[in-house]
Amino acid sequence: MQTRHTRKNGTSAPSTGGDAKPQPREEASASLQSRSSPAGVDAIGRRAGGNRMGAEGAEARRFLDEFVTEFPEPLGHDDPLPLGPLSGTITAEEIRGECLDLALRLLAARNAPPLLSAALSHTALTELLKSDLTPHHLPPDPEQVATLLHSDSLQRCFFNNPARPVLSSAHAIRNARRKMEDRHVALADFNQLFGIQDEVHRGYFAVFDGHGGVDAATYAATHLHVTLGYDEHLGSDPAAALKRAFTCTDHMFHERAKRERLRSGSDAGP
Numbered sequence: 003m004q005t006r007h008t009r010k011n012g013t014s015a016p017s018t019g020g021d022a023k024p025q026p027r028e029e030a031s032a033s034l035q036s037r038s039s040p041a042g043v044d045a046i047g048r049r050a051g052g053n054r055m056g057a058e059g060a061e062a063r064r065f066l067d068e069f070v071t072e073f074p075e076p077l078g079h080d081d082p083l084p085l086g087p088l089s090g091t092i093t094a095e096e097i098r099g100e101c102l103d104l105a106l107r108l109l110a111a112r113n114a115p116p117l118l119s120a121a122l123s124h125t126a127l128t129e130l131l132k133s134d135l136t137p138h139h140l141p142p143d144p145e146q147v148a149t150l151l152h153s154d155s156l157q158r159c160f161f162n163n164p165a166r167p168v169l170s171s172a173h174a175i176r177n178a179r180r181k182m183e184d185r186h187v188a189l190a191d192f193n194q195l196f197g198i199q200d201e202v203h204r205g206y207f208a209v210f211d212g213h214g215g216v217d218a219a220t221y222a223a224t225h226l227h228v229t230l231g232y233d234e235h236l237g238s239d240p241a242a243a244l245k246r247a248f249t250c251t252d253h254m255f256h257e258r259a260k261r262e263r264l265r266s267g268s269d270a271g272p
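Residue numbers (this note's numbering): 3 to 272.
Keep in mind the hints are simulated off the structure, nothing from the lab.
Ideal Cβ placement from N, Cα and C applies to all residues, glycine included.
Heads up, a few of these hints could be off.
[Unchecked claim] Cross-link-like lysine to any residue pairs, in silico, SDA-like; alpha carbons within 25 angstroms at most:
#	residue 1	residue 2
1	LYS132	HIS79
2	LYS260	THR220
3	LYS260	ASP217
4	LYS132	VAL202
5	LYS245	GLN199
6	LYS245	SER266
7	LYS132	GLU145
8	LYS260	ASP184
9	LYS260	ALA241
10	LYS132	ASN113
11	LYS132	ASP184
[Stated by the list, open to error] For each label pair, taking beta carbons as the anchor points, the in silico distance ranges come out as:
#	residue 1	residue 2	range
12	LEU140	MET254	22 to 32 angstroms
13	GLU61	PRO144	32 to 42 angstroms
14	ARG112	GLU257	52 to 62 angstroms
Sequences are here, hints too, so could you generate the full structure?
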């Protein structure tokens, strides 16, 4: 029996011009839409006060259903903003006030519960400030000391949450073996599967190359990402967490192999 592993793709963090983060389609940006999902509200509710959020749960769910019905998709480039900005241009110092005003007015007009409204607004602004805002900068003006930003495009970014693309590919193999011994795992939404709520977007993609049978490859494809996902130190030290996941999964398979007299192995690759 052999078990061999080389390397495995584990986590990936978004690159932004600010401090770092989110979720989702071409760039990382803040989103009133994404934070209005039931899962997003549950997470925000725990941060904003779980007991009170629980008491307002029915009202919050009602609001969420209506909100995502009204805004099922991110705003397009030519779609009008739900509310007009106070000014056509703003400075970096004005971003917080302008965006919070937009969010609070938008949510109040739709009767969002006060706690939910405050939590959504705060979270969306926090994520916006972590994203790269340079695409919204206006060309430098010699008469202006401060850098100005275009209000419409900034507020569209604030409202939308386009998904970060996860680059992946699939290839066919010619003259393959009669029985394929490889196993594949593709999890673009790794965090959601394991209830991870931090500022890092993670994807998990793996190919397990079976040797002498499919048992080891199947076992690794079933258990490695689960062991990794529940490692309490994944957020602080992902490399060490991945190494522990390999070691733990290898030990678990050894035990099963002894128990069931299995004789196979597997390589792992990104």
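Now the hints, each set against the structure:
A distance of roughly 22 angstroms separates the Cα atoms of LYS132 and HIS79; the hinted pair therefore holds under the 25 angstroms criterion. Distance check on the hinted pair: LYS260 and THR220 sit about 16 angstroms apart at the alpha-carbon level, within 25 angstroms; holds. Proposed proximity of LYS260 and ASP217 is supported: the alpha carbons are some 13 angstroms apart, at most 25 angstroms. Simply put, LYS132 and VAL202 have alpha-carbon atoms about 12 angstroms apart, close enough for the 25 angstroms limit, and the pair holds.
Distance restraint check for LYS245 and GLN199: the Cα-Cα separation of roughly 22 angstroms lies within the 25 angstroms cut-off, and the hinted pair is therefore satisfied. Only pairs whose Cα atoms come within 25 angstroms are accepted, and LYS245 paired with SER266 is accepted, the gap being roughly 21 angstroms. Under the criterion of a C-alpha separation no larger than 25 angstroms, the hint pairing LYS132 with GLU145 is inconsistent with the structure, at around 28 angstroms. Between LYS260 and ASP184, the direct Cα distance comes to roughly 22 angstroms. Compliance with the 25 angstroms bound is thereby established for this hinted pair.
For the given pair, LYS260 sits about 29 angstroms from ALA241 by alpha-carbon distance, which is inconsistent with the 25 angstroms threshold. The straight-line distance between the Cα atoms of LYS132 and ASN113 is roughly 28 angstroms, outside the 25 angstroms bound, and the hint therefore fails. Proposed proximity of LYS132 and ASP184 is contradicted: the alpha carbons are some 40 angstroms apart, above 25 angstroms. Look at LEU140 against MET254: about 57 angstroms separates their beta carbons, and that is not inside 22 to 32 angstroms.
Evaluation of the 32 to 42 angstroms hint for GLU61 and PRO144 yields a failure: the beta carbon distance comes to about 52 angstroms. Hint check: ARG112 to GLU257, Cβ distance near 55 angstroms, so the stated range 52 to 62 angstroms holds.
The structure fails hints 7, 9, 10, 11, 12, 13 (numbered hints given earlier, in ascending order).
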